[in-house]
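Novice: Throw the hints in and build the complete structure from the sequences for me.
Residue numbers (my numbering), protein chains in the order written: chain X, 1 to 258; chain D, 1 to 318; chain E, 1 to 431; chain V, 1 to 94.
Do not rely on the hints blindly, as some may be mistaken.
Derived DSSO-like pairs (lysine-lysine); straight-line CA-CA distance at most 27 Å [to be verified]:
#1 223(X) / 294(D)
#2 269(E) / 2(V)
#3 233(X) / 84(D)
Sample of chain D residues at the chain V side, in silico, Cβ under 7 Å [stated by the list, open to error]:
#4 123
#5 207
#6 266
#7 287
Keep in mind the hints are simulated off the structure, nothing from the lab. Ideal placement from N, C-alpha and C gives every residue a C-beta, glycine not left out.
The primary structure of each chain is shown beneath.
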Amino acid sequence: MNIVVCLKITPDPEDLEIGPDGSVSTTHAEWKTGSFDLPALEAGVRLAEMHGGKVIALSAGTSQINQSKVRKDILSRGAEELVLVVDDALKDASTAETALVLEKAIRKLTDVQLVLFGEGSADLYFQQTGVQVGERLGWVTLNAVQDVRLLENEALEVQRIVEHELQVLDVPLPAVLCVTSDICEPRLASMREILRASKKTVFEWSLSDIGIEGLTPSVEIVKVMAPPRASRKGEMLSGSVEEMVSALVNNLRKDGVL
Amino acid sequence: MEIQRQIFIFSEDITLVRELIGAAQVLAEGKPAILSALVIGGSTSVEQMQNTGVDRIYRLDTLPPDCLVEDIFQTLWGITQEIKPDYLVIGATTAGRLICGRLAARLNATALTDIQSMEFDAQGLLIRHMVFGGGAQRLERPLRQPVVMTIGKGQFEFQAAHSEKVAEVIPVAFTPPETRAILRERRELPPVSVNLAEAKRVVCPGRGIARREDLTMVEELAHSLGAEIACTRPLSEGLGWLPRERYIGISGAYIKADLYVGLGVSGQVQHTIGITDARVVVAINRDAEAPIFKQADYGIVADLYEVVPALIDALRSA
Amino acid sequence: MSEEKLDVIVVGAGVAGCSAALLLARAGLQVALIERGPYPGSKNLSGGVLYGRVLHQIIPDFWEQAPVERFITNQVVTFLTEDSSISLDYKTEAFSQPPYNAFSVLRAKFDRWLGDQAEAAGALLVPGIKVDRLIVDGEKVIGIAAGEEEMFADVVIAADGANSFLAQQAGLRSRLPEEHVAVGIKEVIALPQDVIENRFRLNGNEGCAFNIVGSATQGIAGGGFLYTNRDSISVGLVIQLADLIERQIKVTEVFDHFLQHPFIDSLIKGGKMMEYGAHLVPEGGLRMMPRLFMDGMLVIGDAAGLTINNGFWVRGMDLAIGSAIAAAEAVIRAHESRDFSEQSLALYHQKLSESFVMADLQTYARAPHFMQNPRLFNVYPQVLRDIFLGIYEQSARPNQHLMTIARRAVQQNDLSLLDLLKDLWNGARAL
Amino acid sequence: MKSLSVNEKLALNKYELDEGHPHIVVHQAVCEAECKIRACLFVCPANVYSEQEGKIVADWAGCLECGTCTVACPPQALHWEYPRGSFGIIYRQG
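Specialist: Next comes the structure, spelled out in C-alpha cells:
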C-alpha cells in the first residue's frame, strides 16, 4: 500500500518581516516544510511501518522548494521517496491550481491507496487543498482527522473531532484524509535516517511531465499588508504604585470592562 | 432584463446562517439577486429562515443516521446544477470547509476561505483574509466564476430584511454520494478547556515573569478578574510554561476580549497581532522602552511584582 | 548505515569542519560532516573578516560564487577615549583585485555555502544532530555517539569550536582557563547599501574594517570591531574574560556603553538591529594549544585554539582552513597506509608547523600576553588623545614644541618612561 | 541608534525552543560553597542568570550558547551542554 503525504514547503512565518510602511516581506525567510504537515508525514510513516507499504512525500511549488536541506529533512523523517513538482508558474498558486497539480501527480504514481494532508499550510492555512484533491480524485475525503487505524478488511477506522463531537467512521480505500496536528508528535530525524536520506530518490517533475500545459490562476493577489493596527489611547499612568493601580481600576470601570 | 445575481448560502450551524445572509447582502450589491439557501431539518428551521430576505429555501428533511452532514454534498451539487449560482457562501465549520473544497473542485471554481471583509470595485469582487498565521492580510480578486467561499462567525452582520417576502420552499431528497464513510459512533465531547477566542478577559505573562512559581501570582490576578490566562510565544516573550493552546499571536489564538492585561510582555509583533481586536489593552512592564506601550490603552512602567499584588488588593476591596 | 565504518567523521560544520570534509571528499574518502545546528553556520558567529587567500588555494576564485559581503580595502586601528578617537586609517587599491586579501562575511550565510560545497564534493552532511560523546577503545578513538546512535570511523576530526567538549573528553585539553578566552558580543545592524557606501566612503563592493582599542571596553582588556557588510554593519566587542571577571562589570552594559560612544554611534546611526549574538574567542595562542592529535582523532580550528589577535587584526577563519588542509593531508596519508595511530597522525602537526598557521602562532606568541597589558586600554589612548589635543589646539597662546606636548602627555597620565620603553620593546617583539 | 534592552535584543533572534529540555542546570550547593563573586551574573551576554532570594536562576531559553559561563563558573556549579540537535539559537546572520 503506497501512502502519499502532501507537504507544502513555504517561507517560515516566524521569519516574516513587517516594514514600517506595513509592507510584508519573506525575502530573508528560511524555506521549510510546513509545521502542520509534519504530523501528517509522521502518521503516514507509522501506518506504513505497522502495515507495510511505502510513504511517498509529494510537494509542488517554485524552484525555491527544491533545496537540499528541505529534501533531506523530509527524507530523514521516514518518507522513502520524494516527488517535487517544480515550476515557477506555481508562484503564489491558489488552492485550485495546487489541487489540480497534486491530483495529476498522484494519478501518475502507482498503487496509491491513501493520501494524507496536514490541517493547513503554514503560510496560508486555507485548509482547502486537501479536500479539493480528494474531490478531484473522486475518493472518500475527510478533514479534521484525529486518528487513523488500518482494519483487516483493507478499510480504515478513522476518528474525527468536528466542533464538540467525536466521530468514529469506517472509511473505504482509497481515501484522502486531512489530519490535525495532534494526531501524533513528529519524530526528530536520527543520524542514521539523515545519512540514509541522501541515498533516497527524489523525482523532479515539471507541469508537462504530469500532463499540464498551463495554469490559469483562479485568484489575483492584489496586495499583502500588515493587518490594520487598532488605535490605542497610549495613556501612561504615573505616581506611586497604589496611585497608578487605583487610576487603572477607575479607568477600566469607566470603560465598562471591569 | 438584467440577469439576476444568484447567491446560494448553507451552514448546518443555524446561528451562522444569519451572518451568511449578511454576507450575501453585500454580494448582492443592492442589485436584484436571488438568494437561495439549503436547510436541513423540519418546518421549525424553515420557519426561522422565512422573512430574512431569502427568496428560495431548499428543504432537506433528515439525514440517515450513519451519514455525515458533509454527505449532503451530492444534494448540494444537484441544486447548483439547477440554479447556476454566482456565489456559494458556506459557513466556516469543519463540515463547511470540506463542502466548500469539494464544490470548488467539482465546479472548477475559485475557493476563498475565512473571508473577513468584501467590497466591489470597477472590476468586481475584492475580498480580504489573513495569511501567515495572522501575520499579514491579503487583498484578493477571484478570477473565475462561480466563487465558493467560507465565512466564519463575527465577520458579517445580518440586517433584518425590510420586505415581507415569503420564501418559496422547495423540498429536496437526500442523494447519498457514491462512496462514503460510514459513521459508526458519535459522542459529544466536553467543551475545550480554554477558548481564548471567546474569553472576555485575558491576563498574559511575558518575559518579565522570572520564575514558573510566580505564575501563582498571575493565577490569583486572573481569578480576581475572572480572566483566562494566555501567554506569548515561548521564547520571544515567555518560557513555554503554559500549553500551546494558550499562545496569543502568529499560529496561536486571536482574542476579542474586552480586557487584556500584559504582565512583563515586551510586545513583539508576532504576539501583539493577536490582541489587535481586544477592546482595552493594559501593559505593565519595567522597561519604559517596551514596544507594547505604543499598543496599549493604559501603560504602567513599574515592577510587576509590586503592581500585581496591589492590583489584586484593589480588585478585592472594590 | 552506522554498523559499517566511515573513513572519517568530522564533528562541527564551521569553516574548519567544512573545509576538511570538502578536501577529504575530494580525495574520495567516505566522510560524514555532523552539525548540531539545523544548517552549517546556524551556530557560528565571527566578527566577520576572512583573510581569503588560503581558501582561494582550495576553492579558486571562491568569491565569485560564495556569499561574501565586501572585500576589505580599508583597515583602521582606532584608539578611543571618552571624548576622542585617534585612528590609523590605511586604505589601499592593492587589496581591491583578486585574489582579494580579506572579505567581511556573515557566518550563517558563508558557512552554509561552504557546507554545500563539501556536500557537493561527496561529504555526507548530517545537520541537526548533536554529538554527545566519543567512543574510545583503550587509547584509540573509534567513533562518536549521538544519543543512543553510534557511528564508527577510522578517524574523528573534532572541529566543534572553542568550547570543544570532544577535545576535553579525549583528554587532549583540560577545561579552558579564564585567562585564555575572551567573550565576543556582536550585533548585526541593517543599513541601506548606499548609506554604508557614503558613510564609509566606499565604492562598489569595497569594505572597511575597524579594530578599536581603549575606552571601547572601559579599560577592560579587549577590543571592539566594526566591519561593513553589503547592507549591514557587524559591530561588537571581544573582552578578555579574566579581566572582566576581576572588574565585575556587566558585559552587556560594557557593550551598550561601547555602542553609545559618539564614534561608534555616528557609524551605526539610523540602523535597525537585526541579530544579537555571542561567541567564545580562544585568545591563549600557543600557550593554550591542546595536544592536537591522538590515536584515531585530530583537533582543528577554534577547537585547537587557532586564533590570533594582535590589535591590528583578528584572525581565526584562515587559520582554521589552514589547519583543515594540514589535517586532510595527514588523514589521506593515514588512509592510504591504513595506519591511524598517533605516530601516523602526527603528520598533521608536522604539516601545521610547516604552514603559515604555526609560523604565525610563533610569530605572535607574545601577543596574547602583550594584549593583556592594561596600559594599552587606558593609558596609551589617553596619551595619544592629549598629544593630538596639544598639537591641534590653538588657544591664542604660543604653541608648545611637539616634544613638550608629548612629555607633558606622558606625565599627565603618570606613564613612566621605563614602562613606555618596556611596552615599546615588548610590542615590537610581540608584533 | 535607539538602545534596546537585552530582552528586546534576544526577542529579535530566532530560536527553536526545546520545551521541557533545559540545557542548563544550576547546582545551588556548589554555587554557595565555591563561588563568591557570582561571575555568571555579569559575564553572560544574554543575562541568562539572575539572582532571586539568594538562589541563582537560569532563564535558559534565551541562551546564545557561547559557553562563557562554563569557563567563568566553578567547575561543578553548572551542568551545561549544548541544546539537543537543531534546537536553541539559530543565527541567520552570524
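Novice: If a hint holds in the structure, say so; if it does not, say that too.
Specialist: Now for the hints, and whether the structure bears them out:
1. 223(X) / 294(D): holds, 26 Å
2. 269(E) / 2(V): The hint holds at about 9 Å.
3. 233(X) / 84(D): violated, 50 Å
4. 123: violated, 40 Å
5. 207: At 5 Å from the nearest chain V Cβ, residue 207(D) passes the 7 Å test, so the hint holds.
6. 266: Holds. Min distance 6 Å.
7. 287: Check passed: Cβ of residue 287(D) comes within 5 Å of chain V, closer than 7 Å.
Against the hints set out earlier in the document, violations occur for numbers 3 and 4.
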